[in-house]
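Chains as they are written, first to last, in the numbering used here: chain A, 3 to 433; chain B, 3 to 433.
Check before you lean on any hint, since a few could be wrong.
Heads up, the list lumps identical chains together, so a pair's fine if it works in one copy or across two of them.
Computed list of lysine-lysine pairs in DSS-like fashion (alpha-carbon distance at most 27 Å, straight line) [stated by the list, open to error]:
id : residue 1 : residue 2
1  : Lys97     : Lys59
2  : Lys6      : Lys59
3  : Lys384    : Lys97
4  : Lys194    : Lys59
5  : Lys191    : Lys59
6  : Lys384    : Lys431
7  : Lys194    : Lys433
8  : Lys201    : Lys6
9  : Lys345    : Lys384
10 : Lys313    : Lys433
11 : Lys59     : Lys384
The hints are simulated quantities; they were obtained by calculation from the structure and are not laboratory data.
Protein chains: 2
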Amino acid sequence: MSEKLSTQPYKGTRDFYPQDMRLRNWFFGVIRNVLETSAFDEYNGPMLESLDLYAAKSGEEIANEQTYNFTDRGERRLAIRPEMTPTVARMVAGKMGTLNFPLKWFSIPNMYRYERPQRGRLREFWQINVDIFGCDTYEADLECIVSAINILRAYGADKSMFTVHINNRRFFNDVIAAIAGTDTEGSRKVSKVIDRKNKIPREAYEQELMALGLSEEQIERIDALYRMNVMDATAICPDSVGSQELRQLFDALERTGLLEYCMFDFGIIRGLDYYTGTVFEVFDNAPENNRAMFGGGRYDNLVGLFVKNAKISGVGYGMGDVTLENFLYTHNLVPETFGSGVKVLVARFDDVPYETYMATVDALRNAGIVSSVYLGSKKFGKQIDFAAKDGYSHLVIIGGDEAAKGVVRLKDLSTREEDELTLAAAIEKLK
Amino acid sequence: MSEKLSTQPYKGTRDFYPQDMRLRNWFFGVIRNVLETSAFDEYNGPMLESLDLYAAKSGEEIANEQTYNFTDRGERRLAIRPEMTPTVARMVAGKMGTLNFPLKWFSIPNMYRYERPQRGRLREFWQINVDIFGCDTYEADLECIVSAINILRAYGADKSMFTVHINNRRFFNDVIAAIAGTDTEGSRKVSKVIDRKNKIPREAYEQELMALGLSEEQIERIDALYRMNVMDATAICPDSVGSQELRQLFDALERTGLLEYCMFDFGIIRGLDYYTGTVFEVFDNAPENNRAMFGGGRYDNLVGLFVKNAKISGVGYGMGDVTLENFLYTHNLVPETFGSGVKVLVARFDDVPYETYMATVDALRNAGIVSSVYLGSKKFGKQIDFAAKDGYSHLVIIGGDEAAKGVVRLKDLSTREEDELTLAAAIEKLK
């Protein structure tokens, strides 16, 4: 091998050096703590799944285009998971008879999407997945939204920094039908145009709606929905189940004091074929980054892909690590250091038997103190340099004199203060 | 879709339901705690790497056969990582000028190998990787072995359950040359036969060695090495650097009281082209499972695949989750429950406003108590069944009467005892 290999990670993926990893462990630790305290149970599944799982949910073409997929030697079509929902639906379906519903589940898997890397989007990313299965009513929607709010609050975010935008897909369908006077198929066509509202020019938008038979006045009434609050919007079709669900959810948000984090937003649709009830997206309120960070909603019958006549509805959301990290940096919510900060290097001198150092570090570790002997034989000055550069807070120094006296010198690297004391006393001081 | 999808995970991979995940989080938590307290720093890298990385280390054929690999749309040959060493070598090479050596690094990545699933071997597994870079002397070898012993001890394993078998590749080469009287190339050929000793019949083994010019007496002297202790074995070639390294390491193990966990074993070779100094394997001592669980050793210059003339040696090991879990089960080292066990379900009655329950669970969670409101509207008996089946330890009951009096009833589900008290008092009791 005369040609040297590249040290760069694969396009759209990241190396996590120790300093990056400390950030990530803190980052995921906050999430895990909020979700575990809220009695969500963690699960995980394989990185490789049958490609059919994604084709069944999103269509063959999208599954093929957006995933890393290949055929194994047994002619199985596999994909590296691009999302967790098909996996969790498969797992729920696999033990449907023995699981204790309602389930409150979460996972923090890594996954791959085949797309052009850009700000907020990488090919390898982690996604916090939170789902509740087997509770059809608003309490589960509320619990999901509460957990998202609590995660952001646990990072120190307040209501000025983010807002949960909420809509309902049943309401969406019903209010379109009410305004446009269309039947199911007609409403579906109108919905498809509305879903693309922000992606096409205004003129094209109006023309397409008019081609479906809508008048200017009807288009204006749809426009008005984007500026309405939940009471006015749902008053257009008060008998719609979607309207009742929206009012029930907003009523609960108000009564639990969470409405200040939330707003009704008719613009939240989240794809036409998947969600069936409440849908929501959490927006970053920072002017320079004002956009949806993550979202989710209620979906019915994903489990039905696996089990005939199974009717288990779910509600959940997926939160990507890259977007969430951007949010934390934007709002200065990332601490400068992680952990207690006590980290002890036992300096090493060649004239003291090595077992002295090993016994010392063993005692420190048994007391739960992060510690290491300096590995190798370098001058003391080099060992101090190493300790300072590696985030050590203290040195334990045992030279020939200290070893003879049965003491250690404990040096605080921030204050430069030094004490001579017994190892037991040093351990007490460090704790 | 009339054909239903399979609920089985892909061959050789596992689903981790919440009860499995609790075991895994405990399992990895023990390891992480030992390694972090020993001042090892965690890192991670991408699941996908260039296939060239594995081809450069293990040869094109093995890399192709043993990995899941494919070509992306940019004609890049990619593999799902089958091991972590090439990734960590790439990362060290990538920041060689700024990293603070010696490095003590660990990672707990998931990885894939394309092989037939069998006991202890799956296609998807997790592997704890521990490495020290930039310390060429025995202290780093010792630190690696100590960390492995400490991990097993942290699970409650004692010296009766496992033994660290240790050899040295330099010693191996030198003692073969000393006994066989061969030059470098001749010794290499002899080594290749010895490496296959347990895989071929005794007769074939002897014939192959004789074909290389060894006498019966020389073969017997090699046989004798397998029964020797470290002093006798190294006495055959006392001037070998390998002999000196072995004696130094065993001396340090003895003086630090760890020799009772270790033994010299000439049978430990671990592949011929990779390791260059100390090699070791940790054996399960259980008669029904007496075999190597994991191992590692010193390797030179992996970083040289990336950076010209780079000379950074490493020593490390990789510990697979499947094998280690087998060990823990074999020796009854898996606890029956994980965590504190306090988990509170707030029962829900339709005649009490839902915000009462939300405020109650919010107070419990803010006090760090794992808790949930029962999601949905079911009879009280059903809610108790749900709680019992889901590992809840307590119920907080607020019916119309309690709500009116401003109290809660706290029910301990194991003793069936019930107290009426304020929420604040209930929280104190639960903490």
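Hints and how they fare:
1. Lys97 - Lys59: within (20 Å within a copy, 42 Å between copies)
2. Lys6 - Lys59: This pair counts as between: shortest inter-copy Cα distance 12 Å, intra-copy 43 Å.
3. Lys384 - Lys97: between (59 Å within a copy, 20 Å between copies)
4. Lys194 - Lys59: within (18 Å within a copy, 53 Å between copies)
5. Lys191 - Lys59: Within. Shortest intra-copy distance 21 Å satisfies the 27 Å Cα cut-off; inter-copy 57 Å does not.
6. Lys384 - Lys431: within (25 Å within a copy, 53 Å between copies)
7. Lys194 - Lys433: For Lys194 and Lys433, the Cα distance exceeds 27 Å both inside one copy (62 Å) and across copies (53 Å).
8. Lys201 - Lys6: The answer is neither: 45 Å in one copy and 36 Å across copies each exceed 27 Å.
9. Lys345 - Lys384: Within one copy, since 18 Å is at most 27 Å while 51 Å is not.
10. Lys313 - Lys433: Neither: 55 Å inside a chain and 39 Å across chains, both beyond 27 Å.
11. Lys59 - Lys384: neither (59 Å within a copy, 34 Å between copies)
Hints 7, 8, 10, 11 from the earlier list are contradicted by this structure; the remaining hints agree with it.
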